[in-house]
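Quick note, the sequences are listed as chains A and B, same order.
Take this note's numbering: the last position of the first sequence gets the number 1387, and nothing is skipped along the way.
Take this note's numbering: the last position of the second sequence gets the number 1387, and nothing is skipped along the way.
These are calculated hints, taken from the structure and not from any lab test.
Keep in mind that this is a model prediction, so the values were computed, not measured.
Hints may contain errors.
Note that the list lumps identical chains together, so a pair holds whenever it fits in one copy or between two copies.
As a list, the in silico EDC-like pairs of lysine to aspartate or glutamate whose alpha-carbon atoms are at most 20 Å apart [what the hints assert, rightly or not]: (1) 1238 x 1228; (2) 1238 x 1304; (3) 1342 x 1269; (4) 1224 x 1236; (5) 1320 x 1364; (6) 1188 x 1248; (7) 1217 x 1196; (8) 1224 x 1196; (9) 1341 x 1315; (10) 1188 x 1228; (11) 1205 x 1191; (12) 1238 x 1270; (13) 1224 x 1382.
Spelled out, the chains give:
2 protein chains.
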Amino acid sequence: MDFSSKLLENAVNEVSRLPGIGKRTALRLVLHLIKQPAENTKFLSEALLHLRNDVKTCEKCHNISDTAICDICNNPKRNAEIVCIVEDIRDVMAIESTSQFNGLYHVLGGKISPVEGIGPQDLQIESLVHKIENGQIKELVFALSSTMEGDTTNFYIFKKIEKFEIITSTIARGISVGDELEYADEVTLGRSIVNRIPFEQSISR
Amino acid sequence: MDFSSKLLENAVNEVSRLPGIGKRTALRLVLHLIKQPAENTKFLSEALLHLRNDVKTCEKCHNISDTAICDICNNPKRNAEIVCIVEDIRDVMAIESTSQFNGLYHVLGGKISPVEGIGPQDLQIESLVHKIENGQIKELVFALSSTMEGDTTNFYIFKKIEKFEIITSTIARGISVGDELEYADEVTLGRSIVNRIPFEQSISR
Chain A
1183 MDFSSKLLEN
1193 AVNEVSRLPG
1203 IGKRTALRLV
1213 LHLIKQPAEN
1223 TKFLSEALLH
1233 LRNDVKTCEK
1243 CHNISDTAIC
1253 DICNNPKRNA
1263 EIVCIVEDIR
1273 DVMAIESTSQ
1283 FNGLYHVLGG
1293 KISPVEGIGP
1303 QDLQIESLVH
1313 KIENGQIKEL
1323 VFALSSTMEG
1333 DTTNFYIFKK
1343 IEKFEIITST
1353 IARGISVGDE
1363 LEYADEVTLG
1373 RSIVNRIPFE
1383 QSISR
Chain B
1183 MDFSSKLLEN
1193 AVNEVSRLPG
1203 IGKRTALRLV
1213 LHLIKQPAEN
1223 TKFLSEALLH
1233 LRNDVKTCEK
1243 CHNISDTAIC
1253 DICNNPKRNA
1263 EIVCIVEDIR
1273 DVMAIESTSQ
1283 FNGLYHVLGG
1293 KISPVEGIGP
1303 QDLQIESLVH
1313 KIENGQIKEL
1323 VFALSSTMEG
1333 DTTNFYIFKK
1343 IEKFEIITST
1353 IARGISVGDE
1363 LEYADEVTLG
1373 RSIVNRIPFE
1383 QSISR
């Protein structure tokens, strides 16, 4: 791309460094900002800078939070003995939106991924082991995505904690509610047959 | 969406005000920035602020430029008597990348669109008429997109300038080079038959 302005080129280059945003999309976004009042760009830039410079993570669960201890960890009504291991804040938000989980979370901050250069030491695994050693946790719910990296991380954590006497569980994999069986992939359908549950249990929810 | 952090929520809201970016995408982009070095966010914010505050448009063609007169208008090798009317800088970049046009541009800054509240007074039409009155232009090439808004704008400008003795032309519409006839829409194929050109002309390019 040949730009008529260095300022424009610079802005497009910076925006296109964001994941999933190419040069064309970046140009479209930047031209939109130029057409809008200057305030909008100011608000956007300030919001990003404030977030990046002042963002904190909860000391207990490592979720993104404005306070030292997040609202979930601080909530006395929640069951602190059940902890759900998730990858990042998006998973916390997804599970919270179901209103079906009343325990706490432990946000790893990613998955073990040799390809991306993420090892166990880059994730919040030590502090999880620490919590278990202290006897704070009775049940650990594994809720990482079922990919190669997710399974590797699950296995790594499981090996680290199997010597402790706690219950471990993993979220159920199966056919989505409302999905037709014929369109489901074999692995998911297979798992949902192997891990079938008593019929009464399914209608009680 | 229920955010655990006001800073995060604010940043996601600002990013999702950009066109074509929803809350989920905004969250993904913002989380990416958090994981990256703080410098990256600084560079991004500064690039956007600099652009928005210091961006200039060429006094002659109204294209985005860092100087009062852009490089194209300043180039003595270009034919100042042929002017191509386009909507915005993206069209200039697209035509420039073909290396087939040696005239100057006139960037309108949009199209007449009652739906979006854009009238002729919001576009750089007066200055175009002014250029023609001054006798600077011999040929005017219309290169707006062939949509309802583009056609309306074309017609409005044409009515304004038809009293002047200049050549007006419009870029050729037809089947794309390399496209198969059977997949072309009828309007385009119809136009390409009505506006057929001498065979010799097609192979001389």
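These are the hints, each one checked on the structure:
no.	hint	verdict
1	1238 x 1228	within (17 Å within a copy, 23 Å between copies)
2	1238 x 1304	within (17 Å within a copy, 45 Å between copies)
3	1342 x 1269	within (17 Å within a copy, 62 Å between copies)
4	1224 x 1236	both (18 Å within a copy, 13 Å between copies)
5	1320 x 1364	neither (39 Å within a copy, 67 Å between copies)
6	1188 x 1248	between (37 Å within a copy, 7 Å between copies)
7	1217 x 1196	both (19 Å within a copy, 16 Å between copies)
8	1224 x 1196	both (16 Å within a copy, 10 Å between copies)
9	1341 x 1315	within (14 Å within a copy, 82 Å between copies)
10	1188 x 1228	between (22 Å within a copy, 14 Å between copies)
11	1205 x 1191	within (10 Å within a copy, 26 Å between copies)
12	1238 x 1270	within (14 Å within a copy, 42 Å between copies)
13	1224 x 1382	neither (57 Å within a copy, 56 Å between copies)
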